[in-house]
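The whole structure should be built from the sequences, with the hints applied where relevant.
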Amino acid sequence: MTEVLAADGRPLKASLNRALRRQKLRALALIAPLLIFILVSFVMPIADMLFRSVENDIVSDTLPRTVEALDAWDSASGETPDEAVFQALYTDMALATEYKSHTRLGSRLNYELTGVSSLFRKTGRRVKRFDTDVYADAFRDASPAYADAAQWAEWMDDDALRDALPRTADAYDGWAKMIVEVDNDVPAEEEPWDFVYTALYNDVMTGAEPPVAVDLSGVEPVSLREQFVEIDKDWLDPNVWQTIKIYSPKYTNGYFLNSVDLQKGPDGAEARPESERIYVVLFIRTMIMSLSIMGMCVLLGYPIAWLLANLPDRTSNLLMILVLLPFWTSLLVRTSAWKVLLQQQGVINDTLVWIGLVADGDRLQLINNQTGTIIAMTHILLPFMILPLYSVMKTIPPSYLRAAKSLGATDWTAFWRVYFPQSVPGIGAGCILVFILSIGYYITPELVGGTKGVFISNRIAYHISFSLNWGLAAALGSILLAVVLILYWVYDRIVGIDNVKLGG
1 MTEVLAADGR
11 PLKASLNRAL
21 RRQKLRALAL
31 IAPLLIFILV
41 SFVMPIADML
51 FRSVENDIVS
61 DTLPRTVEAL
71 DAWDSASGET
81 PDEAVFQALY
91 TDMALATEYK
101 SHTRLGSRLN
111 YELTGVSSLF
121 RKTGRRVKRF
131 DTDVYADAFR
141 DASPAYADAA
151 QWAEWMDDDA
161 LRDALPRTAD
171 AYDGWAKMIV
181 EVDNDVPAEE
191 EPWDFVYTAL
201 YNDVMTGAEP
211 PVAVDLSGVE
221 PVSLREQFVE
231 IDKDWLDPNV
241 WQTIKIYSPK
251 YTNGYFLNSV
261 DLQKGPDGAE
271 ARPESERIYV
281 VLFIRTMIMS
291 LSIMGMCVLL
301 GYPIAWLLAN
311 LPDRTSNLLM
321 ILVLLPFWTS
331 LLVRTSAWKV
341 LLQQQGVIND
351 TLVWIGLVAD
361 GDRLQLINNQ
371 TGTIIAMTHI
381 LLPFMILPLY
391 SVMKTIPPSY
401 LRAAKSLGAT
411 DWTAFWRVYF
421 PQSVPGIGAG
431 CILVFILSIG
441 YYITPELVGG
451 TKGVFISNRI
461 AYHISFSLNW
471 GLAAALGSIL
481 LAVVLILYWV
491 YDRIVGIDNV
501 KLGG
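Under UniProt numbering, think of the first position of the sequence shown as 1, with each following residue one higher.
Bear in mind the hints are in silico, worked out from the structure with no lab data behind them. Some hints could be false.
[Said to hold, decoys possible] Cut-off 16 Å, straight-line C-alpha distance, at most; resulting in silico cross-link-like pairs (EDC-like, lysine to aspartate or glutamate):
| hint | residue 1 | residue 2 |
| --- | --- | --- |
| 1 | 128 | 68 |
| 2 | 245 | 68 |
| 3 | 177 | 98 |
Written out as structure tokens, the structure reads:
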């Protein structure tokens with residue numbers, strides 16, 4: 001069979017495939033900016049949030065030797081770790097203070113145990129003043145080689161010597177890295193610091209052979225445990241060490257446990273004290289109040305949308321301007337206006353007192369509670385219910401109602417059996433918009449809700465802006481995202497997402 005050729009002499013099939021490929025690449029190039037924008041502004045932030053909710057590498061990165069030494073400590077014993085753990089902590093803290101990472105570590109652990117932040121700050125200020133300089137003096141007095149920076153560098157290049165002096169090699173490596181990264185110095189030109197000599201002393205005392213013979217029999221051992229306790233007696237608190245050990249893995253579920261009023265303990269998850277259980281209540285309150293706001297918007301928005309769709313165009317356009325007017329006003333201005341209206345000495349209470357419905361001494365409490373939040377947010381989110389309903393109702397022919405009535409249906413029957421089912425897609429679209437927007441609001445609840453009318457989003461904003469506990473904020477946000485996706489799935493199963501329309 002003769003192969004069909006294109007005008008340029010190439011096989012027709014190959015030419016068609018090449019043309020189709022060009023069209024696909026052209027189409028991809030057209031949507032590439034939007035795709036990149038969505039990835040950068042939507043997908044990547046969500047992925048970063050999910051990662052932050054489990055990321056916990058600051059403990060193991062700042063206290064690697066301490067974390068390793070704590071593996072042999074029984075956290076359920078109720079006793080303080082032994083001297084070896086304090087020796088590891090001394091090296092880690094000496095390095096961490098130079099990197100300025102001990103304060104961030106203290107802040108991280110302070111989320112789990114109050115007081116740890118001040119403990120690490122206080123220790124960081126005094127760790128350089130430990131009495132461990134006696135070890136450095138003893139080695140220098142025994143041989144000038146121990147004060148020679150170049151000699152130290154040569155020793156630490158000897159694999160056999162490194163194997164014989166593991167603590168010393170580890171401490172020297174940490175010090176050398178810090179010298180380069182923080183001070184921009186050359187290790188071979190700087191004498192090691194006291195914690196390196198302390199590690200060397202501990203190696204020698206456990207039977208290792210030093211690079212140059214030295215007699216340490218006259219050196220009084222320095223208890224690093226006592227040195228830390230002199231700074232703060234909280235270093236004797238087993239809870240501090242339990243917290244360090246529990247949160248030493250690079251990934252943790254602790255943030256998610258905290259988000260549901262639990263905490264990590266030596267034996268796994270356990271309930272938080274009654275006075276600290278706030279998040280489950282806030283999640284439930286957020287869901288209930290968001291549903292209430294959504295319901296109020298349906299009740300108020302449906303008749304308004306019906307009027308907009310069925311009144312003459314001139315009147316409908318005037319009403320539409322009133323609906324859109326809130327979009328022309330700042331959210332803060334609208335919320336502040338509600339504070340003026342709802343407070344006990346506000347316009348609404350003054351009006352009720354003036355007409356005699358409420359006694360002056362029994363003014364209604366309409367603000368700093370759930371009532372104030374629901375009223376203000378219903379007003380703010382009402383346009384998001386009206387507009388989808390209006391766009392759907394505008395497509396419903398009025399002749400359907402007239403036909404139903406001509407067949408003997410009452411006004412209510414014609415509305416309920418003919419008109420309402422056709423408006424359900426608009427209700428669905430409005431409900432999704434209002435509900436998702438309401439659970440994410442935090443400015444309005446903060447201003448008019450008080451302590452009883454705030455949402456979980458207020459705590460997320462607090463942890464991001466004030467406590468700087470981004471891990472907990474990310475976990476709360478992830479749970480909220482999961483709840484929304486579950487409700488979205490339930491809605492799809494019950495109503496069907498295909499029935500959601502914005503008109504047409």
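Violated constraints from the hint list, given by number and in increasing order
Hint 1 contradicted; others consistent.
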